[in-house]
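Please model the complete structure; the sequences and the hints are all you need to start from.
Just so you know, the first sequence maps onto residues 1 to 724 in the numbering used here.
Errors might be hidden in some of the hints.
For each label pair, taking beta carbons as the anchor points, the in silico distance ranges come out as [what the hints assert, rightly or not]:
#1 R124 <-> G474: 51 to 61 Å
#2 P207 <-> L58: 42 to 52 Å
#3 G230 <-> R612: 25 to 35 Å
#4 P687 <-> R526: 54 to 64 Å
Simulated from the structure, these hints should not be mistaken for laboratory data. Backbone N, C-alpha and C fix where the C-beta goes; we use that ideal spot for every residue, glycine too.
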Amino acid sequence: MSSEDERPGEPAAGGPADSAPAAGGPEQLALIRETVRGAKVPKAKPRTWRGAALAKELPVARVVVNKGVLHLDQYFDYAVPEELDAEARPGVRVRVRFGAGAHRVRDGRREGGGLIDGFLVERRADSDYGGALAALAYVVSPEPVLGPEMLALARAVADRYAGSLADVLQLAIPPRNGRAESRPSPEPLPPPPAPAPGSWERYASGPAFLAALAGGGAPRAVWTALPGPGWPEELARAVAAALASGRGALVVVPDGRRAARLDAALTALLGEGRHALLTADSGPEKRYRQWLAVSRGSVRAVVGTRSAMFAPVRALGLVAIWDDGDSSHSDDRAPFPHVREVLQLRAAQEGCAFLLGSTSCTVEAAQLVESGWARPLAAGREQVRRAAPLVRTVGDGDLARDEAARAARLPSMAWQVVREGLKSGPVLVQVPRRGYAPRLACERCRTPARCRHCSGPLEAPDERELTCRWCGLGAVDWHCAECGGTRLRARVVGARRTAEELGRAFPAVPVRTSGRDHVLDAVPGRPALVVSTPGAEPVAEGGYAAALLLDGWAMLTRPDLRAGEDALRRWIDAASLVRGQDDGGTVVVVAEPTLRPVQALVRWDPTGHARRELADRAELGFPPVSRMASVTGRADVVGAFMAVMRLPADAEVLGPVPLPVPPPGRPRRPGEPPVGEVWERTLLRVPPGSGAELAAALKAAQAARLARGGTDQVRIRIDPLDIG
DNA sequence: AGCACGCCGACT
DNA sequence: GTCGGCGTGCTC
Numbered sequence: 001m002s003s004e005d006e007r008p009g010e011p012a013a014g015g016p017a018d019s020a021p022a023a024g025g026p027e028q029l030a031l032i033r034e035t036v037r038g039a040k041v042p043k044a045k046p047r048t049w050r051g052a053a054l055a056k057e058l059p060v061a062r063v064v065v066n067k068g069v070l071h072l073d074q075y076f077d078y079a080v081p082e083e084l085d086a087e088a089r090p091g092v093r094v095r096v097r098f099g100a101g102a103h104r105v106r107d108g109r110r111e112g113g114g115l116i117d118g119f120l121v122e123r124r125a126d127s128d129y130g131g132a133l134a135a136l137a138y139v140v141s142p143e144p145v146l147g148p149e150m151l152a153l154a155r156a157v158a159d160r161y162a163g164s165l166a167d168v169l170q171l172a173i174p175p176r177n178g179r180a181e182s183r184p185s186p187e188p189l190p191p192p193p194a195p196a197p198g199s200w201e202r203y204a205s206g207p208a209f210l211a212a213l214a215g216g217g218a219p220r221a222v223w224t225a226l227p228g229p230g231w232p233e234e235l236a237r238a239v240a241a242a243l244a245s246g247r248g249a250l251v252v253v254p255d256g257r258r259a260a261r262l263d264a265a266l267t268a269l270l271g272e273g274r275h276a277l278l279t280a281d282s283g284p285e286k287r288y289r290q291w292l293a294v295s296r297g298s299v300r301a302v303v304g305t306r307s308a309m310f311a312p313v314r315a316l317g318l319v320a321i322w323d324d325g326d327s328s329h330s331d332d333r334a335p336f337p338h339v340r341e342v343l344q345l346r347a348a349q350e351g352c353a354f355l356l357g358s359t360s361c362t363v364e365a366a367q368l369v370e371s372g373w374a375r376p377l378a379a380g381r382e383q384v385r386r387a388a389p390l391v392r393t394v395g396d397g398d399l400a401r402d403e404a405a406r407a408a409r410l411p412s413m414a415w416q417v418v419r420e421g422l423k424s425g426p427v428l429v430q431v432p433r434r435g436y437a438p439r440l441a442c443e444r445c446r447t448p449a450r451c452r453h454c455s456g457p458l459e460a461p462d463e464r465e466l467t468c469r470w471c472g473l474g475a476v477d478w479h480c481a482e483c484g485g486t487r488l489r490a491r492v493v494g495a496r497r498t499a500e501e502l503g504r505a506f507p508a509v510p511v512r513t514s515g516r517d518h519v520l521d522a523v524p525g526r527p528a529l530v531v532s533t534p535g536a537e538p539v540a541e542g543g544y545a546a547a548l549l550l551d552g553w554a555m556l557t558r559p560d561l562r563a564g565e566d567a568l569r570r571w572i573d574a575a576s577l578v579r580g581q582d583d584g585g586t587v588v589v590v591a592e593p594t595l596r597p598v599q600a601l602v603r604w605d606p607t608g609h610a611r612r613e614l615a616d617r618a619e620l621g622f623p624p625v626s627r628m629a630s631v632t633g634r635a636d637v638v639g640a641f642m643a644v645m646r647l648p649a650d651a652e653v654l655g656p657v658p659l660p661v662p663p664p665g666r667p668r669r670p671g672e673p674p675v676g677e678v679w680e681r682t683l684l685r686v687p688p689g690s691g692a693e694l695a696a697a698l699k700a701a702q703a704a705r706l707a708r709g710g711t712d713q714v715r716i717r718i719d720p721l722d723i724g
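Encoded structure:
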């Protein structure tokens, strides 16, 4: 199996003098084997380990190379030179020669194969690789950054999302910064005392959840938070309870604004030094310093945005996500993991508690409760009634009948509520962002039009023909499944102008705006009109007196499966900033009162809404009950990919359908076809339980195609977002 | 992706 | 004979 006169670092075809074994036992020599092709003998560059001995103990380093290519999604073994023995510990960053010809010898010099980054995952006594091992080039830094828990998590995430381990590690481990590493991290503080329940008392099982956490338990809960400003403190208490048990805690929020609020609440409750804030707002050095403090165990609690979901918290006791319906919880880099899914994996893997909190409720959260994986953590009706504002609706029909309203494009009831509200404080006006693409819906009852074959959304690209966005089949003689109507409509209204007109109608009142470009954090409690797009609503001192939610139809008819859920979430977010109804808080939503999300807002019942959506999705074969994946790329490439792919037996193929060409002038986004190419998207759907099989099949097909050298890649996305 | 190896046609 | 075309396959 091995010929003993070969040693890396020695000349290839050298005589006995050249190849005389240096120090090192026969078991080390056995590592270095004849290459299959014959007389070629590996040869290290002088600066690596030429002539050097191997490490005496565990001379093999198993390395994950930092190349996201799928058919390289495997470990590679390297020899550990003696002088790297001490530093080459599991978890450190290394550099290795990698590439065809890395073992080729010319003029007694090893050549080819550039240096690439990797992580050392394990030291071993021997290798199961049949060829000759190359040596580690060097250890980048002795800091161990990839522990066994993180490795297992990254592996699970890669499998779940049909991605490579290296891709996930790139999301999980921040780039190195030498200065940050050279600084010592602070001494860890002893666990704090268990916190009092505080406002968790408002939830029937709130104090019990906290007590279980503090006692070292691992409860899992979907928490429907009461509207109002209480959530940061409540999350802070959950973190404190986990810390009190001697374990760590991790909370992921959607954006820096909310991270700052939670940061403040934690500092108020626990003081400085017990938690790290991991957001993109701090620069790379500071961020890495914080990350290292967590990795080294100096800090045991983490608050952060998306990428903090991988933070290497020691002895994790609690993972929590706030507002899981916010789209920024979905990573925008391959393989596009979602914070909720990653934290679920962590909770299962590390046996820790799980808390999903939101004032609203996603279908996925409802499914966690329905499946029994998590328990509901909600307040009673009386608490909800006290905390939530009064919600009134104005339908489009009312708008049409109301003479004055038609002129001003606002129903008179909305006028009254605004006028009344301005007497006692600020009034919030929520206006949908421009660019919301409404979906085709029944003219009579507004039910979105769906394909009768696969239940995909219908569209009318040329105004005449109806086709399905999922399977591409034409829809002839469409009629509404709900009311039997045969006419469709899709209107677009200048929503922003409505708000501006509203501002002009109250000239004595200051108008402030908050939106994409300039987001206001807070406004004073004085009377003012605050016009905001969803998600940018400032907090009002003392709460808003009233809120006006305009053009609900535009939010409800977006071509997205989550349109209803999203609209409800954004309404609830805005309405949560309004005073409770006992204090006169009133919300007017301009939308069809019969629609499910509108009714859920009136009853303030986001959980019921999500439960009914979940039942519908199960019936129609939609995610998250079924698992879906999209395959996108040039038409011929998608075709070739699908030809290679071995589908799970229970998989359904929808499409392919051509992708819309992006409007000229705008820079092309990833996933959009370049000019002159026709791209297609095929959707794959499998029933519950076959998700892992689907991901594995996609990955295998991608690897097979890549190995064949094609530069023509398809984009694979598990749980695609824009499929509605 | 790179990069080398291998098995075919036109040149000194 | 042998230089070099780029098709195919490997990278510890």
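We went through each hint and held it up to the structure:
1. R124 <-> G474: 51 to 61 Å: Distance hint for R124, G474 holds at roughly 60 Å.
2. P207 <-> L58: 42 to 52 Å: holds (50 Å)
3. G230 <-> R612: 25 to 35 Å: The hinted range 25 to 35 Å holds for G230 and R612, with Cβ atoms some 27 Å apart.
4. P687 <-> R526: 54 to 64 Å: With a Cβ separation near 56 Å, P687 and R526 satisfy 54 to 64 Å, so the hint holds.
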